[in-house]
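Chemist: Given the sequences, and given the hints that come with them, work out the whole structure.
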Amino acid sequence: MTSALFPLTIREQAAQRFEQLGWPTPRQEEWKYTNVAPISKIQWKSAGQAASIGQAGAPDLNMAGRALVELTFVNGVFVSKTGGGAKGLKVSRLAEEQSEKLAKYADYQDHPFTALNTANANDGALIVTEAGAAIEGFIHILYFGSGDEVWSHPRNLILAGRNSQLTVVETYAGEGRYFTNAVTEIVAEEGAVVDHYKIECESSSAYHVGTIQIHQERSSNVTARSVAVGGALVRNEVNAALKGEGCSLALEGLFIGAGSQHIDNKTVIDHARPHCESMELYKGILDGNARGVFDGRVIVGVGAQKTVARQTNKNLLLSETAIIDSKPTLEIHNDDVKCNHGSTIGQLAEEPLFYLRSRGIGEEEARGLLIYAFASEIVDRMKVEPVRELIRRAMFQQMPDRLPERRGASR
Amino acid sequence: MSETIEQIANQEYKWGFVTDIEADVAPPGLNEEIVRLISFKKQEPEWLLEWRLKAFRHWLTMKEPTWANVNFGPIDYQSISYYSAPKQKKKLNSLDEVDPELRATFEKLGISLEEQKRLSGVAVDAVFDSVSVATTFRTELAKVGIIFCSFSEAVREHPDLVRKYLGSVVPYTDNFFATLNSAVFSDGSFCYIPKGVKCPMELSTYFRINSANTGQFERTLIVADEGASVSYLEGCTAPMRDENQLHAAVVELVALDNASIKYSTVQNWYPGDKEGKGGIYNFVTKRGKAFTNAKISWTQVETGSAITWKYPSCILQGDNSVGEFYSVAVTANYQQADTGTKMIHIGKNTRSTIVSKGISAGHGQQTYRGAVTIMKGATNARNYSQCDSLLLGDKCGAHTFPYIEVRNSSATMEHEASTSKIGEDQLFYCQQRGISAEDAVSMIVSGFCREVFRELPMEFAVEAQKLLGVSLEGSVG
Numbered sequence: 001m002t003s004a005l006f007p008l009t010i011r012e013q014a015a016q017r018f019e020q021l022g023w024p025t026p027r028q029e030e031w032k033y034t035n036v037a038p039i040s041k042i043q044w045k046s047a048g049q050a051a052s053i054g055q056a057g058a059p060d061l062n063m064a065g066r067a068l069v070e071l072t073f074v075n076g077v078f079v080s081k082t083g084g085g086a087k088g089l090k091v092s093r094l095a096e097e098q099s100e101k102l103a104k105y106a107d108y109q110d111h112p113f114t115a116l117n118t119a120n121a122n123d124g125a126l127i128v129t130e131a132g133a134a135i136e137g138f139i140h141i142l143y144f145g146s147g148d149e150v151w152s153h154p155r156n157l158i159l160a161g162r163n164s165q166l167t168v169v170e171t172y173a174g175e176g177r178y179f180t181n182a183v184t185e186i187v188a189e190e191g192a193v194v195d196h197y198k199i200e201c202e203s204s205s206a207y208h209v210g211t212i213q214i215h216q217e218r219s220s221n222v223t224a225r226s227v228a229v230g231g232a233l234v235r236n237e238v239n240a241a242l243k244g245e246g247c248s249l250a251l252e253g254l255f256i257g258a259g260s261q262h263i264d265n266k267t268v269i270d271h272a273r274p275h276c277e278s279m280e281l282y283k284g285i286l287d288g289n290a291r292g293v294f295d296g297r298v299i300v301g302v303g304a305q306k307t308v309a310r311q312t313n314k315n316l317l318l319s320e321t322a323i324i325d326s327k328p329t330l331e332i333h334n335d336d337v338k339c340n341h342g343s344t345i346g347q348l349a350e351e352p353l354f355y356l357r358s359r360g361i362g363e364e365e366a367r368g369l370l371i372y373a374f375a376s377e378i379v380d381r382m383k384v385e386p387v388r389e390l391i392r393r394a395m396f397q398q399m400p401d402r403l404p405e406r407r408g409a410s411r
Numbered sequence: 001m002s003e004t005i006e007q008i009a010n011q012e013y014k015w016g017f018v019t020d021i022e023a024d025v026a027p028p029g030l031n032e033e034i035v036r037l038i039s040f041k042k043q044e045p046e047w048l049l050e051w052r053l054k055a056f057r058h059w060l061t062m063k064e065p066t067w068a069n070v071n072f073g074p075i076d077y078q079s080i081s082y083y084s085a086p087k088q089k090k091k092l093n094s095l096d097e098v099d100p101e102l103r104a105t106f107e108k109l110g111i112s113l114e115e116q117k118r119l120s121g122v123a124v125d126a127v128f129d130s131v132s133v134a135t136t137f138r139t140e141l142a143k144v145g146i147i148f149c150s151f152s153e154a155v156r157e158h159p160d161l162v163r164k165y166l167g168s169v170v171p172y173t174d175n176f177f178a179t180l181n182s183a184v185f186s187d188g189s190f191c192y193i194p195k196g197v198k199c200p201m202e203l204s205t206y207f208r209i210n211s212a213n214t215g216q217f218e219r220t221l222i223v224a225d226e227g228a229s230v231s232y233l234e235g236c237t238a239p240m241r242d243e244n245q246l247h248a249a250v251v252e253l254v255a256l257d258n259a260s261i262k263y264s265t266v267q268n269w270y271p272g273d274k275e276g277k278g279g280i281y282n283f284v285t286k287r288g289k290a291f292t293n294a295k296i297s298w299t300q301v302e303t304g305s306a307i308t309w310k311y312p313s314c315i316l317q318g319d320n321s322v323g324e325f326y327s328v329a330v331t332a333n334y335q336q337a338d339t340g341t342k343m344i345h346i347g348k349n350t351r352s353t354i355v356s357k358g359i360s361a362g363h364g365q366q367t368y369r370g371a372v373t374i375m376k377g378a379t380n381a382r383n384y385s386q387c388d389s390l391l392l393g394d395k396c397g398a399h400t401f402p403y404i405e406v407r408n409s410s411a412t413m414e415h416e417a418s419t420s421k422i423g424e425d426q427l428f429y430c431q432q433r434g435i436s437a438e439d440a441v442s443m444i445v446s447g448f449c450r451e452v453f454r455e456l457p458m459e460f461a462v463e464a465q466k467l468l469g470v471s472l473e474g475s476v477g
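Sequence lines, in order, name chains Y and H. Mapping to our numbering: the first sequence position 326 is 326, numbers consecutive. Mapping to our numbering: the second sequence position 160 is 160, numbers consecutive.
Treat the hints as calculated values from the structure; they're not laboratory data. Where hints are given, some of them may not hold.
Capping the alpha-carbon separation at 25 Å, the derived lysine-lysine pairs in BS3-like fashion look like this [what the hints assert, rightly or not]:
1) Y:Lys-314 <-> H:Lys-376
2) H:Lys-421 <-> Y:Lys-338
3) H:Lys-348 <-> Y:Lys-314
4) H:Lys-63 <-> Y:Lys-32
5) H:Lys-421 <-> Y:Lys-306
6) Y:Lys-243 <-> H:Lys-395
7) Y:Lys-104 <-> Y:Lys-90
8) Y:Lys-314 <-> Y:Lys-32
9) Y:Lys-306 <-> H:Lys-376
10) Y:Lys-32 <-> H:Lys-376
11) Y:Lys-338 <-> H:Lys-395
12) Y:Lys-243 <-> H:Lys-421
13) Y:Lys-243 <-> Y:Lys-101
Some chain H residues flagged as far from chain Y (calculated, every beta-carbon gap over 12 Å) [said to hold, decoys possible]:
14) Ile-34
15) Leu-37
16) Ile-80
17) Arg-156
18) Tyr-311
19) Thr-379
20) Tyr-403
21) Glu-416
22) Ile-435
23) Ser-446
24) Gly-447
Backbone N, C-alpha and C define an ideal beta-carbon position, used for all residues, glycine too.
Modeler: What follows is the structure, given as C-alpha cells:
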C-alpha cells in the first residue's frame, strides 16, 4: 500500500536533507517561537491500512454532496472519491497520476518539514484545470487523522491553467494523537484565479505542520485563506512567490486558540516582479493558556517596482494567560513601492461593550458578539458557504464559554 | 531627482582629519595580561579588575553574533590595540594646561571648550581617545551635588556608587560586544544626580576616535536618584580612516523612583568612502532601567558609521514607568545600519513610545529591529510603535523587523510601519510653486524627521539638522 510518490532519487535526497537539517529548534530564527520537541520525541509510524472515518469523534464536516468533487484520505491513505467533476477540470490522485511539476516549487533544501514530507509522501490530490476553464463550485479534499502515534504526509498539487478559475478547500480533521505534515503546491498560470481554503480543525491532541507553496505567473490572482482552530501544536506556513508582472495575492488567516494550544502562522510573500500587489490580513483570538504566533515576511526584490504590499495582523487576547508573539517584517530592496504593515494586540474595547450593554445586552453576550464580529471580518469574505458554516460551527465548539450558542451557525 | 541622489551618493566626509599626538598605546592583542595592564594603568581597585577578568573569561566562551542584517568581514580581535592614552605628564587643573594641539582639534570640530562653557552653558567632558583630558563646570555641578566626571575618576573617587550600579543594567554576560567592553573598557563618563535634584544644565560628552588601530570601548553610567532629572547629550565625529575601526560602547542608565533621564545622541562617525571602504563599526549596547514612575527617553540621530548596530533599550521595571525612543537614521553610500529598540514592560501601567524614521540612499541598507515585550505582570501596559522608511534611489534597502511578544492580555499594542519613496505628487507640488527639486527634497526630508528632531534639546537640534545636511548633501539646504 506504500506506493512511492516521488522518484527514488528525490525521496533519497529529501530524506538525506532532513537528516542533515534535523528537527528545527527555537534557536533558529524561523522557529523562534515554536518548539517542535513534542513532535520530534515521538516514534511515529505510517498507517498501512486505510481506516474509516471514526463516527463518534468526527466533527460534522458536512461538505459531501455540496462539493463538486470530494477526495477523502484517512491517515494519508486514499479512501473515497465522490462527485462528478466539471468540464476542463481533472481531479486525480498523485499516487496514480504522475506530474513533472511535483516538488518543483516547495523547497526541501531549507525547510525540514517539507523535506520530511517529500521523503515520505505517498498520496494526495492532483487538481488540474485546462486553459480558460472557469470551474463553478469547489473541490474538497478531506484529510482525516485517526489513532495514536500515526503520522501522514499529504501532498497536493494544484495546477491552474491559463485564465482558468478554481476554488479548492482542504480540510484537516481527526481524532487521536496523530501528526499531519502536509505540503500543497499551487501553480497559477497566466491570468488564472485561484481561491484556496485551508481549514485546520485537527483533534485537540494532534500535531499539524502544513506548508502552502504558491507560484504565480503574470496577472494571476490567488487568494489563500488559512483557518486554524484545532490541534495541540500547529504550524501553518504559506509561502508565495510572485514571479510574473501584475499579480495580485491575498493571504487571509484566522486562528483561534484555547486550552493550551499553540498555533504558529508563518507567511512569506516574495515580490520578485514589478506591478504586483499583495494584501495580507491575519487575525488571532487567544483564550485560556493558548499561544499564538504570527510571523509574516514581505520581501520586495530589486527591480520589483510599483509594488504595493499591505500586511496586517490583529490579535485579541481573551484570558490573562494567553500569549501572542507577532513579527510582521518588511524587506524592501528598491524605492518605488508602497508598503506598510501593522500589528495590534489588545482585548475587547470598552466602548463597544458599553454601547451594547447600554442597549440591554448582557455582558457575556455582548462580549460574545464582539468576538464573533472580530472573526467575521475574515469569515464573511469567504465565498464558499459550506466553509463559512463549518468555520462558524468550529468557532462555537472552540469557545463554548465565550460565544453564546443561540447565535449559532446561521449566517 | 536622479542628480540629487547622485550628489547624496557622492558626498565626501567633511570632518576627516588626524591629530598627531604621541599616544601611549598598548601592544595589539587581547589576553588576560592586557586586561590586567589596562586595569593597572588606570590604577583600579581589585574588585574592578576581578570584574574585568570575569567578563574576559566569559567573552572567551562567546561567539560573535551573526543575526544582524549587516555584512562585514571578520574582525581580528587580536590585531586591535586595547589601550591608548594621550600622553599626559601631570594632572591638569585648568583648560590652559591642555595640549594646544588637542585644543586645536576641538576648535576644528567646533567644540571650543571655552566657548561651550561661555555661550551654551553646557558642561563638556571631552573624551579624546580614551582618557578624559578636560572637564568643565565641575564645580558648578558639584554645588548641587551632581557628580559628573570621567569613569576612571569616578572609580577612584566614588567607588561605592560605581560598584553598586556598574553592570546592574547591562551585566558583563549580556552580549558579545558588551562583554568585550566590560573586559577592556578604557574610559567614559559617569554621572550621578542626587535625590530630588534637577540638573541645571544639559550634560554632554564628545567622543572622538583618534589613534589608528585603537578600538574605543567607552563606558557610560548615569544614575538619577529618586526624583532627580537630567538631560544628557552625546555627539561624535571621527577622522578619516582606511581601516575599519571597532567601537563597542556600553551605556547604562539607572532611573530610580520618580527620576527621569533624557539621553540624546548625534552620531556622525566616518562612514567609509564612496566605495564602502573603511568606516567605523559601531556596535553599541545602550540600556536603561526605569523604576517606579521613572522615565527614560532615548533620542538618536544616526548619520555616520559604516556599520551601526545599536538598540537603545528600556527595561520598564517599576509601575507607571515610561520609555521612549525617537530615532532618525540615515544610510548613504554603502552604509549599513541595523538599529532599533527594545521595550521590556515588567511593571504595571508601563508605557512606551517608539518613533523611528529611516532614510536610505545610494547603496545604503537599513534595518529597523525592535522588540516590545509585555511580561506577565505588566497589567495595562501600553505601546505605540511607528517606523517609517524613506527610500532615495533604487539600489538601497529598508527593512523592518518588529518583534512583539505579549504575555499579558490587558496590554494594548500598536505597531505601524510604512515604506515609500518621496511622493512624486509632493515633489510636483513644490516644484510647481517655484521650489527647486533639491530644495523640495530637503523640505520633505526635514518634514519626515520632524517628529524626532523636536525631541532633541535645542543645542542638538541645530547640529542634527547640520548633520542631516552633510549626510544628504545636495538634498537638504
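Chemist: If any of the earlier hints don't hold here, list their numbers in rising order.
Modeler: 9, 19, 20, 21
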